[in-house]
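Undergrad: Could you slot chain C onto chain S? The hints should help.
Those protein sequence lines, which keep their order, are chains S and C. Sequential numbering from 1430 applies to the first sequence in my numbering. Sequential numbering from 78 applies to the second sequence in my numbering.
Bear in mind the hints are in silico, worked out from the structure with no lab data behind them. By construction, the Cβ of each residue, glycine as well, lies at the ideal position given by its N, Cα and C atoms. Careful, some of the hints might be misleading.
Unchecked claim - Partial pick of chain C residues on the chain S-facing surface, computed with a CB cut under 7 angstroms: (1) D148; (2) Q167; (3) F179.
Unchecked claim - Cβ-to-Cβ under 8 angstroms is the rule here; a few derived chain S residues that face chain C: (4) R1631; (5) S1632; (6) W1634; (7) V1641; (8) A1645; (9) M1646; (10) T1765; (11) E1767.
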Amino acid sequence: MDDAVVVTPGKVPGIPAPLRGLFPLLVALPVLFGLQWALSDAPFATYLLSVMGVNVILAVSLNIVNGMTGQFSIGHAGFMAVGAYVSGVLSLALKEVAISGLPVVLSDQLFFVAALLTGGVAAAVCGFLVGLPSLRLRGDYLAIVTLGFGEIIRVVVQNTEVFGRALGLSGTPQTSSVAMVGFWVFVVVLVSRRIAGSSHGRSLWAIREDEVAAEAMGVDTTGYKVRAFVVSSFFAGVAGALFAHFVPIINPNSFTFVKSMEIVVMVVLGGLGSTSGAILAAVFLTLLPEGMRSAFTAMSEEGSSLAQQVDQIRMPVYGVLLVVLMLSRPQGLFGTRELWDVLPRWMARRRKGQS
Amino acid sequence: MLELRDVDTYYGNIQALKGVSLRVAEGEVITLIGANGAGKSTTLMSICGIVPPRDGEILFRGQPIQDRSPDEIVALGISQVPEGRRIFPQLTVAENLDMGAFLRRDKDGIKQDLDYIYGLFPILAERRNQAGGTLSGGEQQMLAISRALMARPQLLLLDEPSLGLAPLIVKRIFEIVQRINADSNTTIFLVEQNANLALKAAHRGYVMENGRITLEDRAENLLANEAVQKAYLGL
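Chain S on its own, in the form it takes in the complex:
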């Protein structure tokens, strides 16, 4: 925190608004690098944190479409796959190349960032192509089209030599790090919050509430929906690209409809329209299978066989979770609010209860 102040001495009160958004970054970066250093000999924790980060990026970006704009996309894994495969192929092709005059680590990281951006842009282009025709219509068409898109991508990948067919892509350089994932988590949260607070976000809310009325207010509904969808797809692509650079092998089974639904569950659980809700739900749902695994292992000997089936068991658990949620709190954990809106009131109520 002190570092941040030292960087811009005397300028703190009068910094222009766009730069103020970067302040949290100055705090976040040292924390991320600290974390990465602390976890340097804990590969499993690093892996888990990376998966968590990728899930947070996916959930927060899907929330822009499903939550804020009220459209229903159920093919987010498809965009993730586009990002993962495009960046993966690119990184494999550039594996032996290095920028001369730079240390190898730095040049690797530069290529990695380039691969991330390429993956994101490729997914965004797909988002535009899928979104433009289907978002001109009102209603559930987007759900059908995105569902189809996700499956098409998976089938295409499964049958294309460059993408390794069903075997998948292996040997991508493992250049990802907790810091890089964390940085993109930060970016997606920042973008999402900025959209929510802008007039752009206000028109997304209006579309969600009543599309015809929004149109009558002069909102170019198709344009706003497509833009939201493209932004969301971009980050899904980045998430996929990050994923491709810390798992040793990516195959089509990582990007099935089940993965898409998992992301939708995260957004619904957190509350459609709540960024912090999406973050918390993504963290929770990433840790849940791990928790179940340790719990089963600790239980007994039969438990350890259960522990191996956690990947199958978790789906019914998600189902039960959703049913309970719909019955007890249909608006999700936070509804359309954010953690910082809800927490003070909740704490005040608790304090009152105690006294």
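TA: Just chain C now, kept in the frame of chain S:
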């Protein structure tokens, strides 16, 4: 100011408007009355581009607008108060009004109009931080009208503002409509089933039956017209 020439509008294969022609002059309050399903709302939807006509011309200040998209039409100065109010239920009153001024960038003008509206409907000022969905029907109608006014329209389209409201509140709404017309010379195009009140508030009126305009006259003449009295005024 606004002119419709032989407008045909379809929902799929069903023709809702059959050669509708009408004319609204600057500063007028015009009403379009007719029974359920006559095509009154469709006429409004066609004007503001939500259901574009298949044939015919719609001219606004001499410019054809029938091929423009709804947001472009709003930008030209035509605002609509949709049927059934359609306020944004989860946005607050202030946010709803803010959405009305969506295309405007003149902060001072917006502030001025907001003060005017809070003067027109003090209840909205009181409830400015309340979610729109928690207002009563009458208040929601006031909010819907105010939201449309926030665009500072030259032409205000009102679709059945009396729908589902108590008679006293309906009277109040019509008074306000006349006041808006008098205060800022805003042209008003009013679609109504409550022919009696609508004709009393308007300068001229059109009668619509089965997608066609069947009568056109000054409002007081229509009020005195025997056929209109029988069909729409219940006299």
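Undergrad: What are the numbers of the hints the structure violates, in ascending order?
TA: Hint 11 contradicted; others consistent.
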